[in-house]
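In case you want the letters, here they are:
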Amino acid sequence: MFRSTKTILIAAALGCGFAVAPTVGFSQVRGSGATFPAPIYSRWFAAYQAAAHVAVDYQAVGSGQGINALKNRQVDFGASDAPLSPSEEASMPEPVVHIPSVGGAVAVTYNLPGVPAGLKITPEVLAGIFLGKVANWSDAKIKALNPGLRIPALPIQPIHRTDGSGTTYIFTNYLKKANGEWAAGPGAGKSVNWPVGLGGKGSQGVDAVLARTPGAISYVELAYAVAQKLPYAAIRNKAGAFVMPSVESTTAAINDYAAALAKDIKTPTVDARGKDSYPICSLTYILMFRNSARPDAVKLWNWAMTPAAQGQAASLYYAPLPASLVRLNQATLKTVK
Amino acid sequence: METKKDQIVVNVVNATNASQMGTEISDGAEHAPRISVSHMNFFYGKFQALNQISLDVLRNQVTALIGPSGCGKSTFLRSLNRMNDTIPNTRIEGKILLDGEDIYARGIDVVALRKRVGMVFQRPNPFPMSIWENIAYGPKLHGERNKGRLNEIVEKTLRDAALWDDVKDSLTKSAYDLSGGQQQRLCIARVLAVDPEVVLMDEPCSALDPNSTYRIEQLMDDMKSRYTIVIVTHNLQQAARVSERTAFFLRGEMVECSDTSRMFAQPQDKRTEDYVQGRFG
Amino acid sequence: MGVRCKPASHSWWIDLAVLPSNNLNSSDTKPKSAPVSLMSGNSKARVADWLFRNVTLLFALSTVVLIFGIAVTLYEASRMSISHAHASFYSLTGVHAGTQTIYWDPVAADADKLIGDVYRAAPFIYGTLVTSIIALLIAVPVGVGAAIFLSELAPVWLATPLSFVIEMLAAVPSIVYGFWALVFLVPRLQMTDAAGNPAGFESWLNRVFGSIPLFAKTADSGTGMDFMAAGLILALMVLPFIAAVSRDILKTVPSTQREAAMGLGATRWETISGIVLKNAGSGIIGAVMLGLGRAIGETMAVTMVIGSKYSLPIPHDASSFSLFRPGYTMTSVLADQYPNQNSDLQRSALTQIAFTLFLVTMVVNGLARLLVWLTAMKTGGSVTSRSSTHIKQAINFLLQKGTAAAFAGLVLFQTVQDVHARGMKGAFGQAQMIGAAVVIIWLINLKTPGTRLFLPWRKIRSGVGTASSVLCAVGATAALLLLFFYVFKTGIGALNGAFFHRPDPANPDAGGMMHAIAGTSELILMACVMGVPLGVLGGIYLSEFGNNRSGFWIRYAADLLNGVPSIVLGIFTYTLLIGLRKVLHLDSGGATFQGYAGGFALGVMMVPTVMRTTEELVRLVPQGLREGSLALGATHAHTVWHVVLPTARSGIVTGVLLAVARVAGETAPLLMIGCNSQLWNLDPRNAVASLPVQIYVLHDSPMPVALHQSWGVAVVLVLVVLVFNIIARVFTRNRFAAAK
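Residue numbers (our numbering), protein chains in the order written: chain A, 1 to 337; chain B, 1 to 281; chain C, 1 to 740.
Hints are computed from structural coordinates only; laboratory data are not their basis.
Here the structure is a predicted model, which is why all the values come from computation and not from measurement.
Any given hint might turn out to be false.
With a cut-off of at most 30 Å between alpha-carbon atoms, the simulated DSS-like pairs for lysine-lysine come out as follows [as the list claims (entries may be wrong)]:
1. C:459 with B:147
2. A:263 with A:337
3. C:278 with B:140
4. B:173 with C:251
Pulled from the structure, derived: some chain C residues nowhere near chain A, Cβ distances all over 10 Å [to be verified]:
5. 220
6. 361
7. 479
8. 581
Idealized CB from N, CA, C, for every residue including glycine.
Produce the entire structure from the sequences given, and follow the hints as far as they go.
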């Protein structure tokens, strides 16, 4: 057909050449999962590459996909904002270890003209807003919480993430723990059935909708809210204090659960007891197979436990792990083969 | 060669009777020519396809245009109803008068012109509709709404085209179900349905078998009492059979135009003689 | 409609006395040997032809195998959901929980949560239906109008570049459409702006036509991300398909038809609307159904702007039918939730939606064939039975009178409401003006015979008709230019030097997109390795041997495969990949084979396009050429390989290039497979990066610099697709130039 069959054969050979040629890729460490800690992971992996000359290919595609990828052995480690549920763990081909890497906070952001900062919200009001029960900013309950603020009488427009995400899981898990009506209704998950509200795709999408909609309220990673200079609210915690999300309040929340975490690493850290704790916090987990992990991956996460790495977390508004957790992780990593 | 010349003479003798009748009418009534062309030039871009053509088409006669391939006779025919307007980059000079009106003058309505000067094409081209709808298309275009009158028109034109008996029970069938000859007669009936004054025919039988050709030539004979017909044909015998006047075109020029009998028996120009005698073609 | 080279249906491998080919080269000095006996037969030739026929048959059967494979794989993966939900999956009623009606709740029920794991597909089916209808209502008139302009009215120097521009609209990857719609279209549509004031097209529609439930304002209107936005962007995406295919069909209407009509005294517009369209009717119906298939299967663009909310209209609440509500389509819920499921049950339910989508595609395809068969009236002996005539009349009646009546009814309803609200003054609002304008234009179509005004009236009508088709073509071109300029303006700044380097793991913010460029090239290469042989050899089978029953089914399967949405193909490939890795025990660490899977999915998309193009082109090769070769004693296989294919070569290359341009921009299948990588990796045993996925991933990233980079990648992708299309056109033009 062509000048000669030779041309075809050469073309095919070139094509196959791509396939068999060993590339840099093979010595990569592969991971995928949560978008929630993506900024700090990105910085860590860059630093690790500079320090250990091992490239880490991390896909921030979402906790669910990370879990799937691990299950299908497509990655060396998975990253998830939620620990594995019992059914998820059962469906794993091998036992899995959970290694919390950092703590983070989910900020409740809003778009209220005339209210640049300082909004206070309780979990009842928050659940009511996202259930559709509290429909206007002029609601008495909100007024009572914020006597000093001039809140415009706009209808409340809750905004959620449309893609299944760990941030949604953390937020809905908090609502489930703190509010019985929410627990009976939508519950907690990476995607839930939101009774009311608009959707945005990813943090960017949510931000875009928020910016366009006066009266809107939503939830994003603290790191993102700070980077985009979005106003966020103080939430009343279990102790009754109104706390703003920050590195300190997140650390406090995690410390509240330190004992529980020592018994069960999967303990959720939402709705913490302490008076300085921010209620919507979570640890984010690294998942690996206990009996068949890749040595490079183990080395990577050992490095992440070092003070050098953990020290970088605060500048990105993530909470470094308390020492007890670091020790716990190092012990766990030792058991991984 | 000899046999051919004899054959032509025989045909001319046969045709003379017919043409004489036509000549009588035209001489007797002293009617102005239906179409009068004077000093017409036609250009495709830079190429001159027709050069200083002057020709009169007389009423109620069949005028045949003959000549070898590429001589411009189809181009000339299409100029008579401004079908060449659809081809880009063409230009025409000179005058073409229909009943005294210059059809290329400013403000001439091409749509109205084409209603008066109809055209039958080389290959039958019925529309993808039923037979009835094909015929009714033209009258509907020009405003006929009444179903009864449309039925009348359909029947009348199909009868005129000698197709009525063949199709009267299957008017709703697709036109493509007909044979080639029938389709061509359908196209003729379609043209007749808009009641034109002149019917232009561009080699209407070249794609047909002899039987269909015969029937269409019969048709032309019947039609000429009511219409003026101009036919382009490759077939010299056909020109001799059907026409009263013949014009011979060669390489964009009209070499000779005269009564058919005289053209074939005593051509004035040597080129005409060579052509009708079959020395080139 | 050119002359088709139909090979005779009898077998080609008659026992010819085939002189072995090397004899043809023998020198003259060789003494004349005894003539070869006619009965000697030549088993080598027979074997060669047998092999040729059956090998090409095998390749052609790939389409049938793939269709079956997709159906079976998707069904198997849906079993969990089917046994969980049974028929309620398709029920129109949701689960009632207090005041709420739940259609889709992907969280399992537990101690606290009363109702969970609800999976009902009704909202998604509704969304797909609504958006597709909106898309067709806009794209069909504008597309056919533009096609009329391009084929009938435009001078050659204008028609060629404009056709090219409109075909470029078809080539723009859907993810670029999606982002453009999000940042450009939606803000101009939205009901209220950031300050709460009315703004945008939707608020105008609501003001003017608000009494009509379709344009009512609801609690969740306002952001501009709703059915209307999704329908509009779908219309823009479907428009070039309908325009390009219609234009090609209109061009095949023989000019003698036009001449016949004009010879009878028809005006330009009467010729076009009455005769040309009639000739092209069945083809245009086919084009419309093609557009419908595309609208149903479109994922990325719709996902960006549809608002992602499970909403179904409530019968007793008229405003719930509003187009200004956010919704979901089948494809967009897959794009949103498939990558990150809560549970295996949710994944199975999502796979069941993909399976439903696949079935819908089959139904639409079958409908298309039925309609084309009904409306075709080309050859003698065609369908003119009474029942089909009745059906045709019914369709015509519905289309013309039905749409006119519906429109009139709506305007009337709006007028009544306006008068109610504002008294007689309300009867002259914008809605009524628009309605009056449409009525006048329709009246212009009314025929008023018997008066002297009639002919000028027909002229006016002709003028209006031609002007409106010019408008359609101009509108389509303007839309494309808007899109191009916006994408280039936003993205060109990101294309600095650092962009064209490999990504640096130590500095991910520095740019560096070479991995995406290289990855896309590699994926395309793999797709070609799979798609070109299957497509070309299969196409050869169809054209040489395909006029039988197996040929019919192969073509049908190819058409189906062409219509399967790319996200469904992605889910199929992913499910297959997981299954294969398990079965073949390849899942013990090491390779994931996602690169190969990505190449496979893209290859599957190429097969039907290349197959059909090859078939058409090989058919066009004149019979005389084949006969010349066969008369010299060549086998059929030899003739095809050495004579027919080289003649058709440039056309086949064009087909391949166009198929490549299409798959280069596909995002959804790669996302479903999980084939994306942030590092320089060319080993297809693992995931590779690619341009369209990079656009998506970067856009989702919380880093501000990533957004700018994503537009830069969009520019590169659009340029790549453009270049492929241009090369393909140049190839075609050269072929025609040489032919002259």
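- When you look at the beta carbon of residue 479 of chain C, is every beta carbon of chain A farther off than 10 Å? holds (23 Å)
- Item | Hint consistency between residue 173 of chain B and residue 251 of chain C [alpha-carbon to alpha-carbon, up to 30 Å] | Since the Cα atoms of residue 173 of chain B and residue 251 of chain C sit roughly 26 Å apart, the hinted pair holds (cutoff 30 Å).
- Task: Would you assess whether residue 220 of chain C, listed as outside the interface, keeps its beta-carbon beyond 10 Å of every beta-carbon in chain A?
- Result: violated (6 Å)
- Sort out whether residue 147 of chain B lies within 30 Å of residue 459 of chain C, counting only the CA atoms. holds (24 Å)
- Whether residue 581 of chain C stays farther than 10 Å from all C-beta atoms of chain A, as the label says: violated (7 Å)
- Item | 30 Å limit on alpha-carbon distance, applied to hinted pair residue 263 of chain A and residue 337 of chain A | holds (22 Å)
- Query: Is residue 278 of chain C close enough to residue 140 of chain B, meaning Cα to Cα at most 30 Å?
  - Reply: holds (16 Å)
- Would you assess whether residue 361 of chain C, listed as outside the interface, keeps its beta-carbon beyond 10 Å of every beta-carbon in chain A? holds (25 Å)
In terms of the numbered hints stated before, the structure departs from hints 5 and 8, listed from lowest to highest.
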